[in-house]
Every structure is written in C-alpha cells, then in structure tokens.
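Colleague: Fit chain B to the supplied structure of chain A, relying on the hints for placement.
Number of protein chains: 2
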Amino acid sequence: MQEMAVSTKMNGVDVDRLFETIDAIKQVPRLADFRFRLQNRWINGGLNRSTINNYYGAGKDNQREEPFVLDADEPPVLLGGDSAPNPVEYLMHALVACVTTSLIYHAAAKGIKLQEVETRAEGEIDLHGFLGLDDGVRRGYKHIQIKFRIKADVPDEELEELCRLGPTYSPVFDSITRGVNVDVALDR
Amino acid sequence: MQEMAVSTKMNGVDVDRLFETIDAIKQVPRLADFRFRLQNRWINGGLNRSTINNYYGAGKDNQREEPFVLDADEPPVLLGGDSAPNPVEYLMHALVACVTTSLIYHAAAKGIKLQEVETRAEGEIDLHGFLGLDDGVRRGYKHIQIKFRIKADVPDEELEELCRLGPTYSPVFDSITRGVNVDVALDR
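Top to bottom, those sequences are chains A and B.
Here the numbering used here runs 193 ahead of the position in the first sequence, where the first position is 1.
Here the numbering used here runs 193 ahead of the position in the second sequence, where the first position is 1.
Here chain A stands alone, though its shape is the one from the complex (with noise of 0.2 Å):
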C-alpha cells in the first residue's frame, strides 16, 4: 500500500510549512533578512534586459537553477520596439502579483480557501513629466486602480475585509504607496 504525503494545503500554500517558517524567524530573527538582487543590461534604445537569479534569504545565499531573464522595451507611440512590457507595465505587474499573493497566504494563515481571484488594474501617467517639460507634473504615476474579483468560502459581507488582506500585507503594495530609499551610484 502507498503512503500517502501528508501536507496541510490551503489555497496552494503549505501552511505547516508557513507556522514553521514563522517558528524559526520567531527563534532566530535573522532567517527573516532577505536581500534581492539583479543584473542589467542595456541592448539598444528602449530595449533592456535583467538577469534575476540568487538572494539571500533564510540565513543563506540561493541560487536558481537556471537564472530568469526579463526584457524591458517600450511601445512604438515611446519609440520601442515594443519586443516586451515596459518598466511601468512592470512595476503594475509587480504591485498586482503581490497584493495578489498576499491575499493568498494570509488567507491561508487564517484557514479561508479562495476559489477565484482576478484583478484589473490602470495607472495614469502624464509624460510631461518624463519629457521634462513641465516641472510641476510628476514623472511617475498619478495614481493607480486596482479592481479584485474575489471568489472565496465567505459570507458576503465579508468580502471587503478579506480584500483588505493583500493592500495591508504586501511588501510592493507597502513600497509604492509610502516610497523606498532608492540610492544609485556610479561603480568605476
């Protein structure tokens, strides 16, 4: 007879393996100092490319199989060759995945199964700003929407609170909205 693995999933997420993680960083804080990392590099115009693939991260350096490789281009109307997203499809990307994911595992944290999840998002820029020419528009995105279709084992009134969970937890969601201290630097 087969043995059967025995794995608490809930929504994907091995919560056993969670409570654990939470134990160790609860006996040794350090396991909860991560730092990420990536390489670029410039090809042509609006086309760049980054190789993501060790950090640090529970006491330890790790290192990827294979590294991912993402590309950055811009649209035709930016003077792209619109080969990939561009970095500010990214960056919504980025924010999207995160609230996304941070809504899963702390649902799971709580014992709440989600059947569906699907988002719409739309970020406004002005490019007077990223042209330069005019001081007083920002360079960045005005503002950001973010729309959740949430389908979970909840009552309706519920809802709300659950979709609370992502914007609260995420560490983009966290990024974007308060600011992070970006240093860039010349290496000669």
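Heads up, a few of these hints could be off.
One copy or two, it doesn't matter: identical chains are merged, so the pair holds either way.
[Said to hold, decoys possible] The list that follows gives simulated cross-link-like pairs (lysine-lysine, DSBU-like), each with its CA atoms no further than 30 Å apart:
1) LYS202 / LYS253
2) LYS219 / LYS306
3) LYS303 / LYS335
4) LYS340 / LYS303
5) LYS202 / LYS340
6) LYS253 / LYS303
7) LYS344 / LYS306
8) LYS306 / LYS340
9) LYS219 / LYS253
10) LYS253 / LYS335
11) LYS253 / LYS340
12) LYS306 / LYS202
13) LYS219 / LYS335
14) LYS202 / LYS303
Hints listed in this document are in silico derivations from the structure and should not be mistaken for laboratory results.
Modeller: Quick look at chain B alone, frame taken from chain A:
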C-alpha cells in the same frame, strides 16, 4: 540607385521622432496622457499571471497583436514553485529597466552616445513585516541600491552627471521613491 532611409538614431533612439513627439505634445498637451493596464489571475499558491495588452496613449487606445504574459511565483523558501521571479524582484526589474531607459533617451536627446550600460541592484526586506510579526517593521523594501557601469563618449568627470539623468527622469524611480496613491477596491 536605392534611396537611403534617413533617420537620426542615437543610442538606438530615433531622436527626430523624439523631438517631433515633444513638439506634438507642446501643441496638444493631452497627447502626453497615458494609461497603462493589466489583468491578473491567481493560479495557485504563490503563482499568478498577468496579461498586458492595451494602453491608452498619444490620444488613442493602442493594442498589441499578442498580449504579454508575465508569471510571478515565489522561491521554495517562500513556499512557492520558483517558476518565475517573485513580485519584489519584478519591482526591482521595473526600477532598473526604467532608470536605464530614461538615461538612454535623455542622453540621446542631448546628443551623448552611450556604448555600454550595465547595472547591479540589491534591495533589503525584513520578512517580519510581511508575516505581520512586528508592526514596527515595514512590509516593503527598506532600501534599494543601484550601481551603474557606464561607457559613454564623455570625459570621465562628466560620468557622474550622466548617471544622474536616469533617476532624474525615470517614472518608476519617481513612483518608488516618492510613493504613489494606490486605490484597491472590490469589484462586485
């Protein structure tokens, strides 16, 4: 005899079209209004998928022939399948790609030829924030460091100034360092 297509490209950027774009925006300011969009669908656990296709800009809706599809996942120590970069890595890609493109375009507009641009970036996160273990620890990046290696047709003493072009004009750098208002709502 074949006629040569004449275009003035610098760093792969069509600077004639760049200045035409700037002139067009000076005539009709609303051409500078852009709206970027995406849809995302949760797959399982830490895996979700964004579809990026149309955007509004230059006075009209623009559609790609094929949508871009981006997965986000988490590495094993964060209980994912490691099939794609995670959201905070995407955030760093968005940032570095945007600072690079902004440098390239603004150098092109100034007539400065770049030969090579390579970047390394690292960002620190303390998971006590995401896990909700310590409300004094922010969820997002504590700090991001970007190091540029630039080879360009400028004297060495002008490299620092050149290096500042990216952060000065980058929409993602502005979004991340100054923060963006993000509205999250439930779509019923």
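Colleague: For every hint, state whether the structure bears it out.
Modeller: Each hint tested on the structure:
1. Taking the closest pair of Cα atoms, LYS202 and LYS253 come within 30 Å of each other only inside a single copy of the chain (26 Å); across copies the shortest separation is 46 Å, beyond that limit.
2. Taking the shortest alpha-carbon separations for LYS219 and LYS306, only the intra-copy value of 26 Å comes in at or below 30 Å, while the best inter-copy value is 52 Å.
3. For the identical chains of this complex, LYS303 and LYS335 are inter-copy neighbours only, at 27 Å across copies versus 34 Å inside a copy, given an alpha-carbon limit of 30 Å.
4. Only within a single protomer do LYS340 and LYS303 lie at most 30 Å apart by alpha-carbon distance; the minimum there is 22 Å, versus 41 Å between protomers.
5. Proximity of LYS202 and LYS340 under a CA criterion of 30 Å is satisfied intra-copy only: 27 Å inside one chain copy versus 41 Å between copies.
6. Proximity of LYS253 and LYS303 under a CA criterion of 30 Å is satisfied intra-copy only: 29 Å inside one chain copy versus 44 Å between copies.
7. With identical chains, the CA atoms of LYS344 and LYS306 are at most 30 Å apart within one copy only, with a shortest distance of 9 Å there and 53 Å across copies.
8. For the homomeric pair LYS306 and LYS340, the shortest alpha-carbon distance inside one copy (20 Å) is at most 30 Å, but the shortest distance between copies (43 Å) is not.
9. Only within a single protomer do LYS219 and LYS253 lie at most 30 Å apart by alpha-carbon distance; the minimum there is 17 Å, versus 53 Å between protomers.
10. For a Cα distance limit of 30 Å, the shortest separation of LYS253 from LYS335 across copies, 19 Å, qualifies, whereas the shortest one inside one copy, 39 Å, does not.
11. In this homomeric assembly, LYS253 and LYS340 come within 30 Å of each other (Cα to Cα) only across copies, at 23 Å, whereas the closest approach inside a single copy is 37 Å.
12. When the C-alpha separation of LYS306 and LYS202 is checked against a cutoff of 30 Å, the pair qualifies only within one copy, where the shortest distance is 10 Å, while the shortest distance between copies is 54 Å.
13. With identical chains, the CA atoms of LYS219 and LYS335 are at most 30 Å apart between copies only, with a shortest distance of 20 Å across copies and 39 Å within one.
14. For a Cα distance limit of 30 Å, the shortest separation of LYS202 from LYS303 inside one copy, 12 Å, qualifies, whereas the shortest one across copies, 56 Å, does not.
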